[in-house]
Amino acid sequence: MNNLLLLALDVLGTFAFALSGVIAAKNRNLDLFGVFFIAFITACGGGIIRDLCLGATPPVSIASWRYLFVTWVAVFFSLRFKFWIKKLAYPIFLFDAVGLGTFAVTGAEKVLHYGGAYETAIILGVITAVGGGLLRDVFLNRPPIILEKEIYASAALVGACIMVAGNYFGLQEFVVTLVGAGVTFLIRYFSYRYKWNLPRFMGD
Amino acid sequence: MNNLLLLALDVLGTFAFALSGVIAAKNRNLDLFGVFFIAFITACGGGIIRDLCLGATPPVSIASWRYLFVTWVAVFFSLRFKFWIKKLAYPIFLFDAVGLGTFAVTGAEKVLHYGGAYETAIILGVITAVGGGLLRDVFLNRPPIILEKEIYASAALVGACIMVAGNYFGLQEFVVTLVGAGVTFLIRYFSYRYKWNLPRFMGD
Amino acid sequence: MNNLLLLALDVLGTFAFALSGVIAAKNRNLDLFGVFFIAFITACGGGIIRDLCLGATPPVSIASWRYLFVTWVAVFFSLRFKFWIKKLAYPIFLFDAVGLGTFAVTGAEKVLHYGGAYETAIILGVITAVGGGLLRDVFLNRPPIILEKEIYASAALVGACIMVAGNYFGLQEFVVTLVGAGVTFLIRYFSYRYKWNLPRFMGD
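Protein chains in written order, with the working numbering: chain A, 6 to 209; chain B, 6 to 209; chain C, 6 to 209.
To be clear, the hints were calculated from the coordinates, so they are not data collected in a lab. Take the hints with a grain of salt, since some may be wrong.
All copies of an identical chain are treated as equivalent in the list; a pair is satisfied when it fits inside any one copy or across any two copies.
As a list, the in silico BS3-like pairs of lysine-lysine whose alpha-carbon atoms are at most 30 Å apart [stated by the list, open to error]:
{"hint": "1", "residue 1": "LYS31", "residue 2": "LYS115"}
{"hint": "2", "residue 1": "LYS154", "residue 2": "LYS200"}
{"hint": "3", "residue 1": "LYS154", "residue 2": "LYS115"}
{"hint": "4", "residue 1": "LYS154", "residue 2": "LYS31"}
{"hint": "5", "residue 1": "LYS200", "residue 2": "LYS31"}
Keep in mind that this is a model prediction, so the values were computed, not measured.
So here's chain A without its partners, still in its complex pose (with noise of 0.2 Å):
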């Protein structure tokens, strides 16, 4: 149950991630595989970086098709139904949401299981939900908006951090991850409605 739920998560946030690498690369006048390296990288960057830290190789989003054919479902699906991408701009919002929260929450998570320690699992946690959000914008050239806009990473950090607790006071895991990807959702949705932002450090 707590697999069918984690799955379930991951490909809700895969498919979320992918439609806004799309979005985002729609407008560069990239070709088709350009959009779709984009789209999978968002997806999966995060993923990819935290297992190469930690030696879980080959990553396990190029080790079957179901990240693949994920984000090509977001690609035909978005390049199709344009009409329906201004419509779902909410939709896809919220989605993002549960996968910051989904992704920071089993990011820490697989960590610990491969004995990583609190810090790894933390660090690693963050890069998992943002990771691919900042490759999406290297690759397309721009200044990572995750940087600079309201609350995101820091969402993620407090997801992986309900997670590491949670193991550290053996807590169960089912409802740790409930918990940590819930209220990483709730952070980042009030932090977006309410325009919520960390304070900046503009060049004084």
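Chain A is fixed; fit chains B and C onto it per the hints.
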């Protein structure tokens, strides 16, 4: 004989990719180290990502002098004989297409030898062929050309798929290598000559 | 004693590199997480690439609190005492040069301890020293400074070569470490002071 052929193609491809790195770096006011770095990353970046994803550490291109030496020859040649480079634009394009085919096929081959899945072989075959060009553009701070221009990564994809199909059907590796690299070369050649492009999706 | 010296140099270098990350990030309107992320990548990015290439996972900088803590001190210090940062431009340059020398030498040393080849030690020594600065510029979406400005990577190259030569001739590691880091520091210092540059190849 297979090994000798692969070695020759590998050196030729590395040389061509390094040249394309030098040419891209030349107009950026980089210093000598910068030019060498970009040339090396263009030639070897794809293979480095492949080897990291396979857990084949250290990556082969930093484990021997060969790739450094070939890169150095390319840098020396192109800075010393500037005049020739312009004359040689067409041969360099041909070398680059040879490199694309070779790297796609040998990249996929290496994954299969490491016991990787078919999907891993296909993805990393493409990455071996196009990763260097991607990293070159990232470090030169410009949008990745291969995501925009004529069929490039798609040609590598065909080559990697041929390699995997040949392995699946148990065909002789030497033949499959030649056919895969050859088909990739021809697709690239004709797409360049006749300006074939994948469909694009510019902001609509 | 060797270990204590290395630890001190390592902390000093990490601190200086993190400061240079903060200073580069400050004018980009990043939020607090963004500033911290850039500082951490600048300080630890080179070591992370080295460890991934060695298969030494997880990379040492995400396996303990030390590097996170030093980065945090650098971020806190530079945001809290903005006035000092300007006054301290020269000391920060000196720290940075110390970091360059230390990272080049200890990077090469780590590769040799892992049984890597001499060429691997030299390449990864340079990468350890300059990789963080490269990644900082990639994530800040600007052309990599170290590929353009005064002798920087070349100084690291000399340090890594000294380390490898010392190992080859069986000299005492403690002495070689000091000499290698010292020579790198001096080359960097004089090249900055007297505006030495490598030859450039601007669009001709």
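Hints and how they fare:
Taking identical chains as interchangeable, the C-alpha atoms of LYS31 and LYS115 are never at most 30 Å apart, the minima being 33 Å within one chain and 34 Å between chains. In this homomeric assembly, LYS154 and LYS200 come within 30 Å of each other (Cα to Cα) only inside a single copy, at 9 Å, whereas the closest approach across copies is 39 Å. For a Cα distance limit of 30 Å, the shortest separation of LYS154 from LYS115 inside one copy, 28 Å, qualifies, whereas the shortest one across copies, 39 Å, does not. In this assembly of identical chains, LYS154 and LYS31 lie within 30 Å of each other by CA distance both inside one copy and across copies; the values are 21 Å within and 15 Å between.
For the identical chains of this complex, LYS200 and LYS31 are neighbours both inside a copy (26 Å) and across copies (21 Å), given an alpha-carbon limit of 30 Å.
Hint compliance for this structure: hint 1 is the single one not met.
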